[in-house]
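K.L.:
Got chain Z; can you put chains D and X on it based on the hints?
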Amino acid sequence: MKKGSSEVFSFKSRRQQRLDDGGQINRLEPINFTFDGKKFTGFEGDTLASALLANGVRLVGRSFKYHRPRGIYSAGIEEPNALVALRSGDRHEPNTRATAVELFPGLEAKSQNRWPNLLLDYLQINNLLSPFLSAGFYYKTFMGLPGWHFYEYFIRKAAGMGDGTKFKDPDKYDKKHMHCDILIVGGGPTGIAAAVTAGRAGARVILLDNHPTLGGQLNGELFFLDEKPAHYWIEKCVEELDDMEHVTIATRTSAFGYYDSDVVNAIESVSDHLPEPPDYQCRQRLWQIRAKRVILATGATERPLVFSNNDRPGVMLASAARRYVNQYAVRPGNKAVIFTNNDDGYKTAFDLARVGIEVVAVVDSRKKIPEHFEKELNEKEIEVIPRSVVVDTHGYFGLNSVEIGTLSQDGKTIESNPFIVSADLLAVSGGWSPNVHLYCHSGGKPVYNDAVEAFVPGALSQNGHSAGAAKGSFSLNDCLHEGHDIASTLVKALNFESAKQIIPETNEKNIVPIEALWRVPGKGKKFVDLQDDVTESDITLAHREGYVSVEHLKRYTTLGMGTDQGKTSNLNGQAIMAQEKAEPIEKIGTTTFRPPYTPITMGTLAGRDIGLSYKHTRRSAMHNWHKQNGAIFVEAGQWLRPQYYLDELEQPSKENMDTAINREVQTVRTSVGLVDVSTLGKIDIQGKDSAEFLNRVYTNGWTKLPIGKARYGIMLREDGLVFDDGTTSRLDECHYFMTTTTSNAAAVLSHMEYYLQVQWPDLDVKVTSVTEQWAAMALAGPKSREVLSKLLPTRNVDNESFPFMGVREFDIEGVPARIFRISFSGELSYEINVPADFGEFIWQRVLEVGRTYNIRPYGTEAMGIMRIEKGHVAGPELDGRMTAADLGLQKLLSTKKDFIGSKMMDREGLKDKNRPRLVGLIPVDKTSRVKSGAILVKDPTLAPPVPKLGHVSSSAYLSPTLGHPISLGFVSGDIIETSKKVWAVSPLHNESHELEITDPIFYDQKSERLHD
Amino acid sequence: MAKYSIFNIIRNAFNGDKSWARVWRDPEPKKSYDVIIIGAGGHGLASAFYLAKNHGIKNIAVLEKGYLGGGNTGRNTTIVRSNYMLDENAHFYEKSLQLWEQLSSELNYNVMFSQRGVLNLAHNDSQIDAITRRGNTMRLNGIDAELLDAKQIRKLMPYLDFSDDVRFPIKGGLLQRRGGTARHDAVAWGLARAADSLGVDIIQNCEVIGFEESGNKITTVKTSRGNFNCGKVGFAVAGNTGHLASLINLKLPIESHVLQAFVSEPLKPMIDHVVTFGAGHFYISQSDKGGLVFGGDIDMYNSYAQKGNLPLIEEVVTAGLAMIPSLSRLRITRHWGGVMDMSMDGSPIIGKSPIDNLYLNCGWCYGGFKATPGSGWVFAHTIANDEPHNLNKGLNLERFKKGRMVDERGAGPFPNRH
Amino acid sequence: MLIINCPLCGPRDHAEFTYIGDATKNRPKSDDISNDDAWYDYVYLRDNPKGLHEELWQHSFGCRCFVKVVRNTVTHQIIATGMPKEDLILDEKGFERSV
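Residue numbers (our numbering), protein chains in the order written: chain Z, 1 to 1012; chain D, 10001 to 10418; chain X, 20001 to 20099.
If you are wondering where the hints come from, they were derived from the structure by calculation, not from laboratory data.
Yeah, the Cβ is synthetic: ideal placement off N, Cα and C, and Gly gets one too.
There could be a bad hint or two in this list.
Cβ-Cβ distance ranges computed for the label pairs, FRET-style [claimed, not checked]:
#, chain 1, residue 1, chain 2, residue 2, range
1, X, C20063, Z, D226, 23 to 33 angstroms
2, Z, L145, D, G10016, 25 to 35 angstroms
3, X, D20087, Z, E1008, 54 to 64 angstroms
4, D, D10034, Z, Y122, 48 to 58 angstroms
5, Z, E515, D, Q10102, 46 to 56 angstroms
6, D, S10019, Z, L145, 44 to 54 angstroms
7, D, R10409, X, K20085, 23 to 33 angstroms
8, X, C20063, Z, E1008, 42 to 52 angstroms
9, D, N10205, Z, D906, 45 to 55 angstroms
10, Z, K412, D, N10015, 28 to 38 angstroms
11, Z, I420, D, P10158, 28 to 38 angstroms
So here's chain Z without its partners, still in its complex pose (with noise of 0.2 angstroms):
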């Protein structure tokens, strides 16, 4: 292994980095973890990243595509290579940034995209390689025989990071939602600052951060405000803010969105920072927070510069470096150059010189050295390198030494020798970038700013005001004013009382502006995207080949596409792409920063509707008995029906499916039986014109209908297809009972209320859906007068008092139902609706005042049969497509009247003659099974493509009446003219049959026991 040996003795035998004493770590506390298999212990207030550091583990990763040892390179979310699989079993979470995890007891950790081993990675073949897999190599090759499918195996598994999930998640996940007048997004300077301000006007304050604690970039430095250490200040508003009860803080909580109407959304890790969430507790918590105002307090993140192998372990940002230091009492390496191209290397320089660490060299690109910072230079013995530039690194495993050289007067090659320093820690600033993607969400465009070298927030966009360093302020001084500044002009906005805050004194040096330098001279690998394992000459290359639109860029190379959206990179790479091009980098533009911020996790999103929570599940009122009672359900819909019921006289059951559905049709058709049909839409129509407006939205004529009276109608869309049928009953002058199909239920109630609403406001009609309220079940089968009889021993309901199509009110011991005498099974039927609370009740007196006619009841399939043999049209018919002509209900347009669909369904295409149209089919060898879905053709044999002349839509594989299969189906016109037979052909079965073509009524043609 190249230069491999020194550093794997290195990484064995790992120096404690921790410091004595410092940081806001919990030195009392120590934490056990884990990370591939082998045991650390950090402490309380430690990230994994930083636990890692201080127990000298500089190694933890694997890049993206030349599988480069890689380590730890920042100290936030903006991580590119410290990528780990963290838990294990159900609770395994791929890509997660140890740089963001917080530390807990027994915490596991896996290093990823690696095998064997992190050492031994074989595909680390893939970096001598590399100069065949340059950006867009694979456009360019694997266009031959076997195909792309076949090359696709081995790229997917060399591709990809972590490993997926393969089990159900234990977690829960919530939802919350909040309004507010004010949200603040991040707790640093900015936003404390601004929620003070606005908490003591009075306002409605939400303040947002990820971390932890609140204090942001604060927490990282070493900052005085009013002569003491910045955290003084930072309890001492904590605690005013705390006292507030407007005030909502919510730390561990991410912004990761910013929506339409200022709603933005973010994540609560509520539980992630523990071995696993408490039995109560959720995981995560998903918030949606409807804000008047927003301020954009979301600060900025340190860009890397770019020069040969700037991807070592030991290679990091300076701002993560002086984190380490400050934070968390960590060592990020014992011998430290810094690279920087503007005023933030210096603090990096001074913090690490404070705890011990050996600074070899400030590397500064920039011709003129800040002259405050000299007298600290000297005292801290720093040596300063103006105009010099990191030329390239060394060590594979992790840093050991860099190459220095001085830059040329314009920057584009290297005058002198490059010397050689040893060092294991190179810390590098290429300046800061405000973190402008909410702002971005929100709609707003940013603007390059050349004083900072970033695009900054551009016009406002909605209600969301940056302020800060996400707004280019990058001197603390400007965040506490800018914070205060627009929360004040906010609340005054909002009526509120404006209140004051002195803002402290801060101890910051001026600041000198940055010089920008975007790439440095040089041959070896230069990452731009450390993730993606994009590199400099893989932008020159994207530029030489024309995708020089940074969208193309983007695409062709990669770039900013890992997990981290290029948060430290895409800047960079288009900055290089804009010299390629010699033009500014505002022309260029940038790329559209897209939700989420950070990644966020799917099962935040679905919150608790999962497993059979996914959708509710509606149930009638007789759900119990059915289920106590042999029913096997069937979903119809989000309904549960029962499908038929096994014979509950004898357990276990002797009964199979088809001899249960045998028995039921039988029972219907010969003796009585009973049907749970509450799940039909009930619509309740009330008002004078309620005639009027019916007449409109069925096709045949309803003025006439009595009072007491049901009739049958079909709608249209106004497209003259069919949309809808059912029946509708007047039961008063002016009150109507409509039923829909269970499917079209809510469908048919919006249809109505927008003509109510919007096209017929005259109309003095009301609607309302009754669905729920009542319960509703068929009693049908010769023997059904005699059972209801029985249960209205007062009433006469013999064929002259309650005849075919009426309605009757009555009650039924005690209990007001309604009883439509409308048949869907082609014999004597009466539908009994009673209120819901009641329908149990009725649906056990129905079945025991049966009793003596072997009354049982029958489920959807027994109903389905019975429906295909009276030929009646169901959802499989009714698939939107339809003319009523097609259905055979021609018969039921009014051309007396308009109605909803009479001025289309007469256009050309829907009159066809050779429109396939609703047939019976009965196959000629009666044994034979016709799937519904198979298709007519004239001719079984014919190779593709064969033409179609219509479809089997429903299906009976056996009519208990008949005695032999019936289907429903479509044909074509001119066939239906022409021929008496046609094939139903199943090639997904791989069947075929021959069908005679019938008229669509099987059953009593003549609908005689429907009248008697």
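P.N.:
Positioned in the frame of chain Z, the structure of chains D and X alone reads:
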């Protein structure tokens, strides 16, 4: 056009990739073109490519208001399939699928067409009947289709929810093995390179701002980069068709809606096929880079914004977890939106327009990406011959007036329900 | 989330509403002489503007009222809401700011 091959990659590796040429020119626009295609997405570029290749038309411009491939071509979930039921769609999409099968070699650009199979799940008897009908129709049309039962599906995709606490158990599914995915950007780039090499001018950053007409003809296309005289004009700007048509006072049976798409963090291979849910709107596949790419319904309201809102995202992800519970701990790393032309019957409009020399390629709803080569093929034919190809005859604009809608879902004239 | 100001209920999440569509489509009067083009226009054609759009939403999980909304289809900003037959006066400033 320098040929792409493994040998060329090796040769270039030794000179630091210095000799790769530009993939397409950045030409100065001419004053006049025989055909101007508006929109340099997959459809516009494919149309120009086939106009040049199949019909020998030389003087073609493709105008693009932004960067080529920047609209829906680069925003979709990359699914390619031809599992349609109605003849008008079936034969057209099947032609497109056949073109996909040879597209990489035709373009000498690997569009990564991966025939990994597309499975539609069914969760109850009526859905089984519906996929049976569709599958049988496909087979009779000469399109591959297989009906799988739950056992077979479980073997193929053990990660789907086969547990007891599942709201809508899987009863079966319809598999089209020849369906799959392709690398969306590569399609635009490969077509642009191929069209460019045949002399097509691709003019980016060139927004159409109006038209000049004379008689019933467009004479001039006015753009942010000047005015161009034109012989014929083709719209291939799905998503923006409504807006572009308004510039010439043309009202169409189309609404623009936003469709969101999502990608997860990259993972080692986890999902090997394209799978669609039957008890909610959700479809998913895994990109070659490892991200799970998925989507669902449109946001439902008219929109030209390439962004959506969270309620729909919650709905999509919830459906996703209902289908694959183990997604729960994975993370979404990015979501975005594309603007769709939703037509009044859910099928595309590709053919002639009321204006003599204007041709329409629009109304693609969810289905535009998979149609890319087929759309270019028939649109080029329609423009070159001033009459539709057999494959797009039924997809004309007049069908709405004539009552010959091509409505796969039977949802009627409600664009957001298709 | 779009927050829609229902004239009866006040501001509510759009998740409570069902989108209906273009509010400018008026059903041709039934007593008009059957005019195929008018019906074709009503049922099928849409202005589909890029910018301000008058549209209907139904407050399905609320009062079930149909609400007319003037919304910018580019920014999603809602300019005004009212009853279906109300003539909504557009806030010109709002319009300018959002486009």
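K.L.:
Hint by hint, note whether the structure agrees.
P.N.:
We went through each hint and held it up to the structure:
{"no.": "1", "hint": "C20063/X with D226/Z: 23 to 33 angstroms", "result": "violated, 55 angstroms"}
{"no.": "2", "hint": "L145/Z with G10016/D: 25 to 35 angstroms", "result": "holds, 31 angstroms"}
{"no.": "3", "hint": "D20087/X with E1008/Z: 54 to 64 angstroms", "result": "holds, 59 angstroms"}
{"no.": "4", "hint": "D10034/D with Y122/Z: 48 to 58 angstroms", "result": "holds, 56 angstroms"}
{"no.": "5", "hint": "E515/Z with Q10102/D: 46 to 56 angstroms", "result": "holds, 53 angstroms"}
{"no.": "6", "hint": "S10019/D with L145/Z: 44 to 54 angstroms", "result": "violated, 27 angstroms"}
{"no.": "7", "hint": "R10409/D with K20085/X: 23 to 33 angstroms", "result": "holds, 32 angstroms"}
{"no.": "8", "hint": "C20063/X with E1008/Z: 42 to 52 angstroms", "result": "holds, 49 angstroms"}
{"no.": "9", "hint": "N10205/D with D906/Z: 45 to 55 angstroms", "result": "holds, 49 angstroms"}
{"no.": "10", "hint": "K412/Z with N10015/D: 28 to 38 angstroms", "result": "violated, 21 angstroms"}
{"no.": "11", "hint": "I420/Z with P10158/D: 28 to 38 angstroms", "result": "violated, 54 angstroms"}
Violated hints, in rising order: 1, 6, 10, 11; the structure is consistent with all others.
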